[in-house]
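Undergrad: Here are the chains, one letter per residue:
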Amino acid sequence: MESAVEQLNHKPERANKASQKNLMRLNLGPSHPATHGTLRIFVELDGEFIRQMKQEIGYLHRCFEKMSETHTWNQVVPYTDRLNYCSALMNNVGYVMAVEKLLGITVPKRCQRIRVILCELSRIADHLVAIGANAVDVGALTCFWYFFRERENLYDLFEAACGARLTTSYTRVGGLMRDLPDGWTDWCRKIIGNIPRSIDDVEGLLTSNRIWIDRTRDVAPITREVALQYGFTGPCLRACGVPYDIRKAHPYYDYDQFDWNIVTSTAGDTYARYLVRMGEMRESLRIVQQALDDLPDGPVNVDDWSVVLPPKEAVYTTIEGLIAHFKLLTEGLRPPVGEVYSYTEAANGELGFFISSHGVGRPYRVRVRPPCFAIYQAFPEMCLGQTVSDAIAGLGSLNIIAGELDR
Amino acid sequence: MPEIDIKGLSDKAPAFLERFSGEVLSVSDFRGDLEICVKKDRLKEMVGFLKEDSSLSFDILMDLFGMDYSTFPIAQLERFAVVYNFYSVSRKKRLRLKVFVPEQAAELDSIHEIYKAANWYERETWDMFGIRFLGHPNLVRILCHGEFQGHPLRKDYPSDQYQKLKHAAHSNEI
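Chains as they are written, first to last, in numbering that gives the first Met the number 0: chain L, 0 to 406; chain W, 0 to 173.
Do not take every clue at face value.
Pulled a few chain L residues facing chain W out of the computed Cβ check, cut under 8 Å [unchecked claim]:
id: 1; residue: Thr-141
id: 2; residue: Gly-351
id: 3; residue: His-357
id: 4; residue: Asp-405
To list a few chain L residues with every Cβ distance to chain W over 12 Å, as calculated [what the hints assert, rightly or not]:
id: 5; residue: Gly-46
id: 6; residue: Lys-108
id: 7; residue: Asp-181
id: 8; residue: Gly-182
id: 9; residue: Gly-192
id: 10; residue: Trp-259
Hints in this document: simulated from the structure, not taken from any laboratory. No residue lacks a Cβ here, since even glycine has one placed at the ideal position from N, Cα and C.
Start from the sequences and build out the full structure, keeping to the hints where you can.
TA: Right, here's the structure in full:
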C-alpha cells in the first residue's frame, strides 16, 4: 500500500507499469492559456501519465524568410521584431550584425555599448516573462505581478529610446535609428536599481518553496547528451551543465571585457532552468551597470553614406549628401555578393542569421535559426511518463515563443 | 571538377579534407566562415565522421536549411543546395557544409539518425523547397498546412500568391 506522499511523488516508471488499455487522447491548444501562443499538443494518456505526445506547429507561420527576399535590407528589421517578441531588440541586433558582417563594417563604440545595454535589458525582460509565466502555470500568481512591474519599467526605457515598447525596430544597418535621449542613462540606472529587489522577492517566494520545488524538480528533464543531440542552446542547455554562451565563447561587442559569469546548473530539469534564468538576470544587470559606466561619447552610426543616411543638413546643403540620400532610398544599400552566418546569444539561445546576398538592394535569402525550434522538438522526449500538469510546467520553463518557432 | 584551393584552409579541418578529398568540391572562408562544398553521395558518412572524429567532434547540428539558386546571378552547380551548420562545443569551432542537389532528383540522405535535431529541419526543408530526404521517418509538411500546393521558398513561387484553405485538416494520429 503506497502512502499518499509516495503517490504524489510520481515516477516515470509508474506509467510503464500501468495497463496498456484505456488510453485517453487529449488535445491541448492551439489556443490554450497554458501554451503561451499557438501551439497544438496532442497527448495519449494512461490515467494522468503521458504515453505519447505529438506537437503540431506552424499556426503562426508568417513567411518571414520569403518576405525578407522582397524587402530592402533595412526593411527586414521590423520583421525581426516579431520573431521573439518578448525581446525584440535582440533580434534587431542579431539581424543587423549579420548584414554588417556581410558588409565588413564595424559600428562605432558608442553604438556597440548601447546595443549591449539594450540587449541585456531585453534579456532581463524576457527572463522575467519566462519565469513569471512559468510560475503562473503552476499556480503562483504573485511572482508574475512582481516581475511584470519591472518589465513595464524596462519597456518604458525602450519606449523612450525608440518610441515603441514591444516592436522596437531600433537598429539600422551600420548603427541605430537614433541616439539615446538626454537623461536616459540616469533613468536607466534608477530602474535597474529596483530590479534586484524584485528578483530577491521572487527568489524568497520560490527558490526554497516546498510546493514550487515539488512542481519543478525532476519535471521535464533532459540530459546533456540528448540536449546536444537536439541542438539545445541558451539557458536550457546551460541548465544541463554545458557552459556554452556565445558571449563568452565567441565574444562580440566587447562582452569579454565585462566582468560577469556564465550561469549553469546540472540537473537539466524545470527547476534548473529556473535557477539559470534567475542567475542570468543578475549577471545581465552587472553587464548593464558596467556598460553604462563606460558609455563613450561620439557618433552611433558608421561614417559611410553608402550604408547609413547622411545627416539632413548635408542632404539640403551639399550635392554629395543629396546623391547619397537619393541612392540609398531608391536602390538601398548594396552589400557584396556572398553568404555569411552570424550568431548572437539571444534570450533563448543561439539566434543565427544566414544571409545570402546577390549584390543588390534586397537579400537573396535570409535564413533565421531560431533557438526555440530546436528546443521544442525535444519536448515529447522530456515529457514521456510524466503527467499533463508536469508537461505544462515544463513547457513554461522552455519559454517557447511561437513567433520565432513558426516565423 | 574545380580546382580545390585548400591553401591556408587545410589546418581548419585537415582530417576531413584528407579523408574525403574525392568528395570535396570547394572550400571557402568568406568573412571567416569555413564552408565546404561536397558531393551528395557519401553525405551520411561525412556527417557521421564530423560528429565522431575526435579531432573534429562537431556535437551540435545548429541548422539545416535549403537554398534555391535559380535566380542567383552567378551560376551554381545545381539549382538547389542544402546547407548544414555544425558547431563543436568543446573546440568552439563552426563548419558549414553545402551539398548541391539537382532539380530533377531533389533528394538527399536523411541524417536524423546522426543528429536528432535534423528531423524537424529536414521536414521544414521539404516543406519550403520540396527537397526529399531519403530514410526520414515522417517527411510531412511542418509550417505550411497539409493542403498547401507547392513549395513557398522556391524562387518560382510568387511571394504575393494566396491559397485558400478549404477545410482545416487536422490529424488525430500520434
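Undergrad: For a quick check of understanding: which of the numbered hints are violated here, in increasing order?
TA: As far as the earlier hints go, only 1 is violated by this structure.
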